[in-house]
Amino acid sequence: MMLALICLLQILLPSAHAAAGDFTVTAPKYGGGLALDLAWSAQPNASGYLVLRSSAEGAWEIVVETPLPAEATEYTDQVTPDPEVNPPLDAYTYRVASLTSASPTFPKRAPAAENATDEEMAAREADFQRSLEAYTQSILTGGDLTAPVIGAPKGAWLNLTPGYILLFVMIISVGVMMNVFAARARRGEEIFIRRISGIDAIEEGIGRATEMGRPILYVPGIDELQDIQTIASMLILGQVAEKVAEYQSDIVVSCCIPIVREVADEVVKAGYYQAGFPDAYNPANTRFISSEQFAFCAGTNGIILREKPATNIYFGRFFAESLILAETGFVNKSIQIAGTAEATQLPFFIAACDYTLIGEELFAVSAYLSRDPRLISSLKASDWVKVFVVVSLLVGSLLATLGSDLVVQLYTIGH
Amino acid sequence: MRSTIPLIISLVVGLLMVGEFFIPHWRYHLLTENLLEWGVIVSAGAFFLGLINLIQVNLPKILERQEDWQYKVVMMVGLVATLIAGFSGGDQRISDGYAYRWIYDFILVPLNATMFALLAFYIASAAFRAFRARNLDATILLTAAIIVMVARVPAGEMLGQAISGFFSSILGDWTLIFLPENFLSQFMNWLMDVPNTAARRAIFVGAALGAVATGLRIILGIERSHLGAD
Amino acid sequence: MYNFLVRFQNLDRRWIFVGMALSILIPMLFPVSFPFRVDQRVQDLYDTVDELPDGSKVFLSADFDPASRPELEPFFRANLHHLFRKDIQIVSATLWPSAPPLVLPIMKEIAEKHGKVYGEDWVFLGFKDGKELAIKSIGENIPKAFPKDFEGTDITTLPIMSGVRQAKDFPLIVSVSAGFPGTQEYVLQIQGQYSLDIVSSCTAVSGPDYIPFFKAGQLRGLSAGIPGSAHYEQLVFPDGPPEGTRLLGIAGYNVLSLGHLFIVLLIIAGNIAYFLTTPREEA
Numbered sequence: 043m044m045l046a047l048i049c050l051l052q053i054l055l056p057s058a059h060a061a062a063g064d065f066t067v068t069a070p071k072y073g074g075g076l077a078l079d080l081a082w083s084a085q086p087n088a089s090g091y092l093v094l095r096s097s098a099e100g101a102w103e104i105v106v107e108t109p110l111p112a113e114a115t116e117y118t119d120q121v122t123p124d125p126e127v128n129p130p131l132d133a134y135t136y137r138v139a140s141l142t143s144a145s146p147t148f149p150k151r152a153p154a155a156e157n158a159t160d161e162e163m164a165a166r167e168a169d170f171q172r173s174l175e176a177y178t179q180s181i182l183t184g185g186d187l188t189a190p191v192i193g194a195p196k197g198a199w200l201n202l203t204p205g206y207i208l209l210f211v212m213i214i215s216v217g218v219m220m221n222v223f224a225a226r227a228r229r230g231e232e233i234f235i236r237r238i239s240g241i242d243a244i245e246e247g248i249g250r251a252t253e254m255g256r257p258i259l260y261v262p263g264i265d266e267l268q269d270i271q272t273i274a275s276m277l278i279l280g281q282v283a284e285k286v287a288e289y290q291s292d293i294v295v296s297c298c299i300p301i302v303r304e305v306a307d308e309v310v311k312a313g314y315y316q317a318g319f320p321d322a323y324n325p326a327n328t329r330f331i332s333s334e335q336f337a338f339c340a341g342t343n344g345i346i347l348r349e350k351p352a353t354n355i356y357f358g359r360f361f362a363e364s365l366i367l368a369e370t371g372f373v374n375k376s377i378q379i380a381g382t383a384e385a386t387q388l389p390f391f392i393a394a395c396d397y398t399l400i401g402e403e404l405f406a407v408s409a410y411l412s413r414d415p416r417l418i419s420s421l422k423a424s425d426w427v428k429v430f431v432v433v434s435l436l437v438g439s440l441l442a443t444l445g446s447d448l449v450v451q452l453y454t455i456g457h
Numbered sequence: 127m128r129s130t131i132p133l134i135i136s137l138v139v140g141l142l143m144v145g146e147f148f149i150p151h152w153r154y155h156l157l158t159e160n161l162l163e164w165g166v167i168v169s170a171g172a173f174f175l176g177l178i179n180l181i182q183v184n185l186p187k188i189l190e191r192q193e194d195w196q197y198k199v200v201m202m203v204g205l206v207a208t209l210i211a212g213f214s215g216g217d218q219r220i221s222d223g224y225a226y227r228w229i230y231d232f233i234l235v236p237l238n239a240t241m242f243a244l245l246a247f248y249i250a251s252a253a254f255r256a257f258r259a260r261n262l263d264a265t266i267l268l269t270a271a272i273i274v275m276v277a278r279v280p281a282g283e284m285l286g287q288a289i290s291g292f293f294s295s296i297l298g299d300w301t302l303i304f305l306p307e308n309f310l311s312q313f314m315n316w317l318m319d320v321p322n323t324a325a326r327r328a329i330f331v332g333a334a335l336g337a338v339a340t341g342l343r344i345i346l347g348i349e350r351s352h353l354g355a356d
Numbered sequence: 154m155y156n157f158l159v160r161f162q163n164l165d166r167r168w169i170f171v172g173m174a175l176s177i178l179i180p181m182l183f184p185v186s187f188p189f190r191v192d193q194r195v196q197d198l199y200d201t202v203d204e205l206p207d208g209s210k211v212f213l214s215a216d217f218d219p220a221s222r223p224e225l226e227p228f229f230r231a232n233l234h235h236l237f238r239k240d241i242q243i244v245s246a247t248l249w250p251s252a253p254p255l256v257l258p259i260m261k262e263i264a265e266k267h268g269k270v271y272g273e274d275w276v277f278l279g280f281k282d283g284k285e286l287a288i289k290s291i292g293e294n295i296p297k298a299f300p301k302d303f304e305g306t307d308i309t310t311l312p313i314m315s316g317v318r319q320a321k322d323f324p325l326i327v328s329v330s331a332g333f334p335g336t337q338e339y340v341l342q343i344q345g346q347y348s349l350d351i352v353s354s355c356t357a358v359s360g361p362d363y364i365p366f367f368k369a370g371q372l373r374g375l376s377a378g379i380p381g382s383a384h385y386e387q388l389v390f391p392d393g394p395p396e397g398t399r400l401l402g403i404a405g406y407n408v409l410s411l412g413h414l415f416i417v418l419l420i421i422a423g424n425i426a427y428f429l430t431t432p433r434e435e436a
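Listed in order, the protein sequences are those of chains A, B and C.
As numbered in my numbering, residues 43 to 457 make up the first sequence, in order.
As numbered in my numbering, residues 127 to 356 make up the second sequence, in order.
As numbered in my numbering, residues 154 to 436 make up the third sequence, in order.
Only chain A is shown next, with the shape it has when bound in the complex:
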């Protein structure tokens, strides 16, 4: 089993080729297979460096736009600008040329004339390419070059950096623990969730709106559908719409993004169907206002001032319009419940709304409202991973104070 794992890792991990002298060409350890790292030791009296590349059948070409400075000792070459059109080859050969004050001058493009035509620009580029070819030949014949070194750009199929492994383990842990807690819930075990007054206020707000004969306004934020806060808002909207239908009240949904409006429409319709009042569903109540932020804000303010909703619910991702919406709702004397993970807008909602859900509480609403054991189990799972994160932060801080960056390395993504 271990041997199989080692063999698998050897296949998955890229390998480097041997260096020639001080000049090495290696594939990045967990690279995508489109780049090669070149390294060389600085030459005395060098005023700059050029990197030359050749493929199996091709001629040599200079891959840097301008000579690298005298202090440069490394370079990363993107072997192909577009792998879909020009897939990377199996191997490339490289040489590094050291330039001195006696070396010929690197060619430059002639300045473009003002209002040059496309033909003139193309001719200018062709002139430059001819100069560059001639220059490359002069470097190959008379320059101070390293011996050729072959590099093979090999992509890794798995990133095994500790940070990525930890992240993967955390995601899997959430999934596994969700199933564990869900199984416990199915066996009848009670899963405790603390009371969140903002969520309890939703049903009160719907009741208030029904008594006053006024609608509920629901604003799912102004971000695209793929944002997780908008998705969470759509999940909550379904449950809110079902409750609104049960109370036989009206819900107006004001959307900033067209595709969010389409999903919201389906979700509200589903809510009315689930409650058993399909005929009460009114598609004109789910509205696209404008995708321009303040035009949307003005339009939603208009809805608040004209239709006078008794309860305003703001769940999703908001930006500068948050305070304007909340203040207009205050003027209208609506009960206002807001929830966002956008930390910049939380102070405005806290100042202007009656209830505010902060950060992850927004993601807990749909589980809290539905009381579905499978959904509640996901809250418990993410809570336990949070405990792990907090403990590792405390341990990491202590270790870092003592001079060890073990936990820091563990949490590092990228280089």
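If you're looking for bench data, these hints aren't it; they were derived computationally from the structure.
Treat the hints with care, as some may be off.
To be verified - No farther apart than 27 Å at their CA atoms in a straight line, the calculated lysine-lysine pairs in the BS3-like style are these:
id	chain 1	residue 1	chain 2	residue 2
1	B	K187	A	K311
2	A	K150	C	K261
3	A	K350	B	K187
4	A	K150	C	K321
5	C	K297	C	K261
Claimed, not checked - Some chain A residues near chain B, calculated using beta-carbon distances under 7 Å:
id	residue
6	G197
7	V216
8	A274
9	I301
10	A326
Claimed, not checked - Partial chain A-side listing against chain B, Cβ under 8 Å, derived:
id	residue
11	G73
12	G75
13	L277
14	P300
15	A362
16	L417
17	V431
We put the beta carbon where it would ideally sit given N, CA and C, even for glycine.
Dock chains B and C against the given chain A, drawing on the hints supplied.
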């Protein structure tokens, strides 16, 4: 079947996109790049749906002369005019002399600036209403707000210098150890760098984990309310 | 007196609006000037840009709109002057649909002042829809994300674009960000993955959100709101602005002073009224 196919699509595409983060190989990224392009195309295509919805909702209100129908006329005229201006200008439409540019400079810019400027007034009224020292939490909130607002502006820095100078002139230079000239800025920077950063990071971590749980619920098909009615 | 204090606590909002308007209008009509100290985060931003070798390339993402002009345009202008002064080539784009008519004329104006040639010294790639998806595309393949510039020219034919294919080919990314998508998305989507150097100018309300990124080294410098723009202008133009240029950041910063002080006085007065009336209410 109506909900099974979307669930399968959610699962497959969700796992593919999560995998992109962990799989560096360029062939895998070509696949996910195409998926991302499809997402961009769908988003752009949905603008037509939005346009249709705007007309569907507002045109009947105009034709039936419902309440405030005049404002709907203004909105529709603006919609049509901007569409025509945008299409007629082509790639050059944002250059001077084009109707699209005129609409941008003389309608969109002033209106956007006006709406954004409302925030200054609303912040003042919301702060006056909400920042009362009703309990310990509210007192801490309002104290921090006052310090940051004062220290953030040069007039506030001068005020801090004046306070520091006042105490040092009365009690002696030793007070400068505790109240240096820029004590307000220093305290504000500490507030922003330490408690604010700690709280923001806590919100980030919590929200990120909540997002992971929500994402997993959708990818694994545990949450289905976004799929609509069966 | 008691009744006055109770009425004061429930002051009609419109009086507050009048007071706010006066505290902004008066310093605009009768300009005042206060000395100030440059914030370290802005100093770091300036130093990061200044340390770039002359002649290198920068990717500038200008993601703001008319609403955020007062806060970000002063920085944007000063940054263009700073970059062009160092002969740094600028590849610019935007992720906000309402930005191009705002951004392009400013770039043209300042490029002309420095004698810079479009296509060689600077380029504007235009608007790309897709938000985080667009940023991921910038991280992976810029010519694929922006096959043409804003004029419809194939960018592979532009001299400035040779040798740059993706975000990591630039030694620095400057994000002028009014919100979403912007700096946070650049940091979350591509900064860590490609180990990019990013500096940011953002609105004041977003500043506190980006301080953790700055403290963690994910941002090399941060300018927040009008104060940040004013500090940056001070650094870029230590001897005053060039002819025909007005330093709007510094001008706005002075106006901001009185607005802030008005709100603070209002809060203090409201609390005094609250404390003076609460014992009698409780009794």
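> Do the numbers back the hint for G75/A, that is, is its least Cβ distance to chain B under 8 Å?
Replying inline: Holds, about 5 Å.
> Given the proposed pairing of K150/A with K261/C, does the C-alpha separation stay at or below 27 Å?
Replying inline: holds, 24 Å
> Is K150/A close enough to K321/C, meaning Cα to Cα at most 27 Å?
Replying inline: holds, 24 Å
> Under the criterion of a CB-CB separation shorter than 7 Å, is I301/A in contact with chain B as hinted?
Replying inline: Holds, because the Cβ-Cβ distance from I301/A to chain B comes to roughly 4 Å (cut-off 7 Å).
>> Under 7 Å is the threshold here; is the Cβ of V216/A close enough to any Cβ of chain B for the hint to stand?
In response: holds, 6 Å
> For the hint on V431/A, does the least C-beta distance to chain B fall short of 8 Å?
Replying inline: holds, 6 Å
> Per the CB criterion, is L417/A less than 8 Å away from chain B?
Replying inline: Status holds, d = 7 Å.
> Once the shortest beta carbon distance from P300/A to chain B is found, is it less than 8 Å?
Replying inline: holds, 3 Å
> Are G73/A and chain B close enough, Cβ to Cβ, to be under 8 Å, as the hint says?
Replying inline: holds, 6 Å
>> Run the distance test for K297/C versus K261/C: straight-line Cα separation, threshold 27 Å.
In response: holds, 25 Å
>> Interface hint check: A362/A, Cβ to nearest Cβ on chain B, cutoff 8 Å. Holds or violated?
In response: holds, 6 Å
> Given G197/A was flagged as interface, is its beta-carbon under 7 Å from a beta-carbon of chain B?
Replying inline: holds, 4 Å
The structure agrees with every numbered hint stated previously.
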